[in-house]
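Could you put the whole structure together from the sequences, leaning on the hints where they help?
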Amino acid sequence: MSYLTLSLTLIFVLIPLILSKTLGLGLQKDTLIATVRSIVQLLTVGFVLKFVFDSESFLFIILMVGLMIAAATQNARKKGTGIRGVTWKLVLTFVSIELLTQSILLGFHIVPATAQYIISLSGMVVGNSMVLSILFLNRFSAEVEANREIGELILSLGGTPKQAIHRQLITSIKASMIPTIESQKTIGLVQLPGMMSGQIIAGADPVQAVQFQLLVLFLLLSTAALTSVLLGFLTYPSLFNERMQQVSWKQ
Amino acid sequence: MSSNEPPAIQFENVHYAIDGNTILQNINGSFPSGKITALVGPSGAGKTTLLKLCNGLLSPTSGAVYIGNQLIEQIAPLTLRRQVGIVLQSSPMLKGTVFDNLALPLRLQGKEMTTDEAHALLEKTGLQRSFLNFNVLDLSGGQRQKVSIARTLANHSSILLLDEITSALDRTSVHEIEELVQDLKQTSATSIIWITHNLDQAVRVSDYLWVMMDGQVVETGDPSILESPTNERVLKFVKGEQL
Ligand SMILES: Nc1ncnc2c1ncn2[C@@H]1O[C@H](COP(=O)(O)OP(=O)(O)O)[C@@H](O)[C@H]1O
Ligand SMILES: [Mg+2]
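Those sequence lines, one after another, are chains A and B.
For the first sequence, my numbering begins at 1118 and goes up steadily by one.
For the second sequence, my numbering begins at 5 and goes up steadily by one.
If you are wondering where the hints come from, they were derived from the structure by calculation, not from laboratory data.
It cannot be assumed that every hint is accurate.
[Said to hold, decoys possible] As a list, the in silico DSS-like pairs of lysine-lysine whose alpha-carbon atoms are at most 27 Å apart: (1) A/K1138 <-> A/K1196; (2) B/K115 <-> B/K128; (3) B/K115 <-> A/K1279; (4) B/K115 <-> B/K99; (5) B/K99 <-> A/K1291; (6) B/K99 <-> A/K1279; (7) A/K1291 <-> A/K1302; (8) A/K1195 <-> A/K1279; (9) B/K56 <-> A/K1279; (10) B/K39 <-> B/K189; (11) B/K128 <-> B/K189; (12) B/K56 <-> B/K39.
[What the hints assert, rightly or not] A short, non-exhaustive set of chain A residues, derived as facing chain B with CB atoms under 10 Å: (13) L1136; (14) T1139; (15) E1266; (16) I1267; (17) E1269; (18) L1272; (19) L1274; (20) G1276; (21) T1277; (22) S1355; (23) E1359; (24) R1360; (25) M1361; (26) Q1362.
Bear in mind the structure is a predicted one, so any value in this text is a computation, not a measurement.
Cβ atoms here follow ideal geometry from the backbone N, Cα and C, with glycine treated the same way.
Printed below as a string of structure tokens:
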């Protein structure tokens, strides 16, 4: 695609702008900001990626992945205010999942060890892990608040913090995984996954694109499970003090 | 309290505050061992909070709580909570059957309860055996309260804290529960602290009495002090209850 044809795609920005103005939706400013931001951010990423791919330096790959994890942590920690040490718990979750999935992908030679593959797949893993951790933390704190009395009951009968929180933890882990599983059940029927469409448009063999999409789906399933389980077991102890009393995350 | 035995629970200058609000202040005194102490006072007086301090669900902001001769902080939380059992005011129920709830204390220790043991607990609290497989959602408020009592009994605690356990019961059931508690005192020398709203009940069942108001203990002594109070605040409280 040339920059001229790319600029023609701005017609698709013009349409909502005109609609917003004529219908008085008041969304012109936000639409413009969104447009400018996506142009600047994506082009920057494009150039950075091109630079990293060309350099073929392992250091840059690690740096890129580190940056992704930092951004994901920054985003997700806002949902976890009040949880003791939430920042490092998120970092630990993201780093463990990234290390585990990359070891499997590269160790079994499922994908070649090039910057293209490592960075693209890491982006999907970390991005997905971030969304999942926000989902999980939201659900878990809601579940804990709604079940404070049951937690207190179990503690009062001589149960451990882990026993007091067990059901809430399992419910939240399950709830945060369900959207990933459900969306995979209908995939391909309602709409083609964006990544696959992109590959097909770029001229890849559709079967090849499907194979790759399957890899990504399975990878994300793993990511979803690992994120909520890891984060759950890392965060639940901070719901209790050393006398095994419930403390609140709210603050 | 004439014997050499230490009191079941003792308080020394206990204060409790949460988020800067003082809930309990200057709590001094004790609950005698092997007796029933009734804890009365208007709602919001801090009775429930005091009870939760006794089995470590809460810790005092300052001051000391002793269980027997031992400072409460020196007892491991799990040991403490099995030794000092509590029946919570709201009778929270675990999702599932009555059996799931009765078996909970043992399951928390990795043990399983037999049907016979569960039946015995039901009988103690005046519930029929057929309730065992009932879903707790199908129980009435009074039945829940009985299951809640039976559940706590499964731990065979030497000290029992009862928080308004007959508030949802009919007259006959109230008497059954009162007999059960008297029986626990007599046959297993359990020390009992019983929060009740019903002053007649307090006089009827207890050997010793605490009156609390506004986070303080205003009077302790023989339950008969409720019948002809000399303390002005107690008098006011008793009159208020009779309205
Ligand atoms: N977790 C809490 N946060 C703030 N205030 C509380 C909390 N628990 C109890 N209180 C307040 O402490 C006071 C005493 O409560 P409670 O011990 O339940 O009294 P009682 O059992 O005598 O009715 C009440 O005013 C109540 O609102
Ligand atoms: Mg109360």
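Here is how each hint holds up against the structure:
1. A/K1138 <-> A/K1196: violated, 35 Å
2. B/K115 <-> B/K128: holds, 21 Å
3. B/K115 <-> A/K1279: holds, 17 Å
4. B/K115 <-> B/K99: holds, 19 Å
5. B/K99 <-> A/K1291: Holds, at about 18 Å.
6. B/K99 <-> A/K1279: Holds. B/K99 to A/K1279 sits at ~18 Å (cutoff 27 Å).
7. A/K1291 <-> A/K1302: holds, 16 Å
8. A/K1195 <-> A/K1279: Cα-Cα ~25 Å, so holds.
9. B/K56 <-> A/K1279: holds, 20 Å
10. B/K39 <-> B/K189: Roughly 7 Å between the alpha carbons, so the hint for B/K39 and B/K189 holds.
11. B/K128 <-> B/K189: holds, 14 Å
12. B/K56 <-> B/K39: Holds - the C-alpha atoms of B/K39 and B/K56 are around 19 Å apart, at most 27 Å.
13. L1136: Hint on A/L1136: violated, closest Cβ of chain B at ~49 Å, above 10 Å.
14. T1139: This interface hint is violated because 52 Å lies over the 10 Å limit.
15. E1266: holds, 4 Å
16. I1267: holds, 6 Å
17. E1269: holds, 6 Å
18. L1272: Hint holds; A/L1272 Cβ to chain B Cβ min 6 Å, cut 10 Å.
19. L1274: Since the shortest Cβ distance to chain B is 5 Å, the answer is holds.
20. G1276: Hint holds; A/G1276 Cβ to chain B Cβ min 4 Å, cut 10 Å.
21. T1277: Holds. Min distance 7 Å.
22. S1355: With Cβ-Cβ at 17 Å, over 10 Å, it is violated.
23. E1359: holds, 9 Å
24. R1360: Hint on A/R1360: holds, closest Cβ of chain B at ~6 Å, below 10 Å.
25. M1361: holds, 4 Å
26. Q1362: Check passed: Cβ of A/Q1362 comes within 6 Å of chain B, closer than 10 Å.
Of the numbered hints listed earlier, those contradicted by the structure are 1, 13, 14, 22.
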